[in-house]
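**Student:** Here is what each chain is made of, one letter per residue.
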Amino acid sequence: MDIHALQQIVHQTRDARRKQTLPKFSPADRDQLIHKYHPDFRESAFRPLRFGPNVGDKTAIELATLLEGDSSVTDGFDLTPDYTTDVLVVGGGGAGCAAALHAHAAGAKVMLATKLRLGDSNSVMAQGGMQISVAPEDSPVTHFVDTLKGGHMQNDHQLLKVMVEEGPSIAKWLLSLGVLFDRDGDGNLHVKKGGGSSKPRLLTCSDYTGLEIMRVLKDEVLNQNIQLLEFCAAVELTSDEQGHCTGAIFKDLDNHRDVVVAAKSVILATGGIGRLHIQGFPTSNHYGATGDGLCLSYRLGAKLVHIDTFQYHPSGAVYPEQLIGALVTEGIRSEGGHLVNAKGERFVNELDTRDVVSASIIRECEEGRGIRTMSGRVGVWLDTPLLDAAQGPGTMEKHFPAMMLQFERFNIDISKDPVLIFPTLHYQNGGVKIDTNSETNVKNLFVAGEASGGLHGRNRLMGNSLLDLMVFGKRSGLTAAARAASMPQGKLTVGHLKGFRAEAKKHGSASGVVSPMILPAYTRKES
Amino acid sequence: MAQEDKENIIDQPEVLRHKMVTVEIAGKKYDVPEGITIIKALWYSGQEVVRGAGCLGGFCGACAAYYRTKDDPKVRTCLACQMAVQDGMSITMMPPFPARKATYDIRTLKDPKQDLFNLYPEAPLCRNCNACTEACPQKIDVREGVWKAVFGDFKSVSEMFMDCVMCGMCTPVCIADIAPNLVALYVSRAQGAHFTEKPVGLDIRIKEIQDGRFNDEWTKLLKMNEKELADHCATVK
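Line by line, the protein sequences are chains U and X. So the first sequence is numbered by the working numbering: it starts at 1 and just counts up by one. So the second sequence is numbered by the working numbering: it starts at 1 and just counts up by one.
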């Protein structure tokens, strides 16, 4: 059938749906729905780790393979440093830039290494906004409670308290650097309501929040003349005799040379895992989201947490083909956009948490109320024209210019026609376990941002990631910088690999997989 | 269910046909499936992509590319992750361009509107050729933005360039050697840091936290056992 014919039901039912209010599911119904339909509960997609710090813990098979993978660094590797620095930041997204800027401001010598360009990251794509409790009727405590509920009560309380309390000062820092958050008429920061939040709390820069923040932070990293190592992928960490982290080994992706960096502290800000395509899902993530930091930390003995839970963003594009997996921002649902099945019915409160909304979309599709594409994909409608209908013509264009432009490139006007969506692999809820200074159980090894775990529990709330990056990027940077002044540079060895390899051998892990992955293997090998 | 599924299938002739098209990538011809993005065409034709791919979502500006469609003399620009290939298309990725970025401490600028001319003295030399605007894959009126910057209308520039992904395609075409995206970035940051109202509510909230206004609530909350905490959370709607 022609797509416009199928969309008619959305147009026809719009007025009736607008009169409807859909209550949120009860806690019992939520649990049932998630257990039945959320990909995290597909038992066959997970397996326990056979060795290492998380032996016995279950994780996605794709990730387990990499965590148990071997290092590319062999015996006799020349560990003479090419560079020496106080603080080595690995990763050029939001957490990496924040860490580098704060460590630099605190007087440390900083180097920022990234396997792509400075700024190529998931952060740059964040559209929904950044949760900070600035509204008078809101408070950090309410932010804490909302996040805890969203995370199924599994969040690390200490990390979470730190994040919500430092939020407002982060907003002030970003404003001082020139970030243009949306404002109310009186000059105060405009706040929007996000999924799973009881109060409007999202700071936004239209639907370019991540892009605006990253433009500014990248520019600031360049202005501060922080030493960069672009197109260099971290392939191993180094450790001293006590097993403390002392630097990292990189592969220069341009000339394939090895680069060794000695550092008093290493901050891994390597981001997420979307490009592992867990369970075959498409992803909203950037090209380099291959979980490198998890593999590096794991081999050095850092404990991981919540690695059996991943976030599937409810609204990944299903049509057109070119946009598969790309995000359709949650902001559209925040402003009242409905999710509609093939029968023209709503089936979930659109502002419920991401895991609930995703599970309910999967339910609709599995039970035959989805819309199929000829390429074998399935999805439900997101009623985008409803926004113009409810708030006046031009609303979509004004509030969601990025979304409009993305579809316009394929001759689709989403202010007039609804969008077909299905959950897309979006975020790694867990990661490397950290303390409130963002340090792991391995001394002088810090992890900040999506690569870290514990803060978000088993489901991250919309808008909490951008704040996480800024808060724990800052804390890792400041702690590492403060420590640098009073400590000597540790010896560079790869002694930790001996033990890891012995364990791997004991468990028959001669799989031949070398990790980290660095980039996904999309290049077609034969014709 | 099967019946229902059949009714709800979107026509996608481009998917069904699996039609192959011939495109020219950096001067060499390859057959690739019609309608895939340029980045996917690079992968399909067996090329390892390191430089020239980033977020794959149209936001990071890493994949700036030039393309020309069959028999059309006009060379256009695009983001390669957002552009579908068609038969006869010629494509080349844009190499990194050595534009000069001025460095500054945005927070300590004394007179940002005047400083623009010290940091980017070439900015007022725009000769109105409009090539930058034509080169912008984000459809920003770049030329207008440069003039507004020069005339001190920083607010308009910051709004116009909110869509800017910093791909830099406006820069190589400029006959006055202006890097409009970098000028606009400076102007937008200056607008945010110096010419935007300070949000009073934010300072109040920061002070409340410093003064411990929420301490009692925290103490109560963090002392709760699992059950009490769950019950308390359930009351917040």
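Don't take each hint at face value.
[To be verified] Sample of chain U residues with no beta-carbon within 12 Å of chain X, all distances over it, derived:
1) R18
2) P53
3) V55
4) Q242
5) N285
6) D388
7) P520
[What the hints assert, rightly or not] Derived DSS-like pairs: lysine-lysine, alpha-carbon spacing no greater than 25 Å straight-line:
8) U/K398 to X/K198
9) U/K398 to U/K199
10) U/K443 to U/K491
11) X/K155 to U/K192
12) X/K207 to U/K193
13) X/K237 to U/K19
14) U/K58 to U/K303
15) U/K172 to X/K207
Derived by calculation from the structure, the hints in this document are not laboratory data. All residues carry an ideal CB built from backbone N, CA and C; glycine is no exception.
**Student:** Checking one constraint from the list: CA of U/K172 to CA of X/K207, max 25 Å. Satisfied?
**Tutor:** Distance ~12 Å between U/K172 and X/K207 Cα, so the pair holds.
**Student:** Is it correct that the beta-carbon of U/Q242 has no partner in chain X closer than or equal to 12 Å?
**Tutor:** holds (34 Å)
**Student:** Decide, holds or violated, for the assertion that all CB atoms of chain X are farther than 12 Å from the CB of U/R18.
**Tutor:** U/R18 is indeed farther than 12 Å from all Cβ atoms of chain X, at 22 Å.
**Student:** Would you mind confirming whether the straight-line C-alpha gap from U/K443 to U/K491 stays at or under 25 Å?
**Tutor:** Given that 25 Å is the threshold and the Cα spacing comes to 14 Å, the pair holds.
**Student:** Does U/K199 sit within 25 Å of U/K398, going by the straight-line distance between their CA atoms?
**Tutor:** holds (23 Å)
**Student:** Assess, step by step, whether the Cα of X/K237 is no farther than 25 Å from the Cα of U/K19, and give holds or violated.
**Tutor:** holds (21 Å)
**Student:** Is it true that the CA of X/K155 sits at most 25 Å from the CA of U/K192?
**Tutor:** holds (23 Å)
**Student:** Do the alpha carbons of U/K398 and X/K198 lie within 25 Å of each other, as the hint requires?
**Tutor:** Holds, at roughly 24 Å.
**Student:** Beyond 12 Å on every Cβ pair: is that true for U/N285 relative to chain X?
**Tutor:** violated (8 Å)
**Student:** When you look at the beta carbon of U/P53, is every beta carbon of chain X farther off than 12 Å?
**Tutor:** holds (26 Å)
**Student:** Can we confirm that no CB of chain X comes within 12 Å of the CB of U/V55?
**Tutor:** It holds; U/V55 is separated from chain X by about 27 Å at its closest Cβ, greater than 12 Å.
**Student:** Does the claim that U/P520 lies off the interface hold, with its Cβ farther than 12 Å from every Cβ of chain X?
**Tutor:** violated (10 Å)
When each numbered hint is compared with the structure, violations occur for hints 5 and 7.
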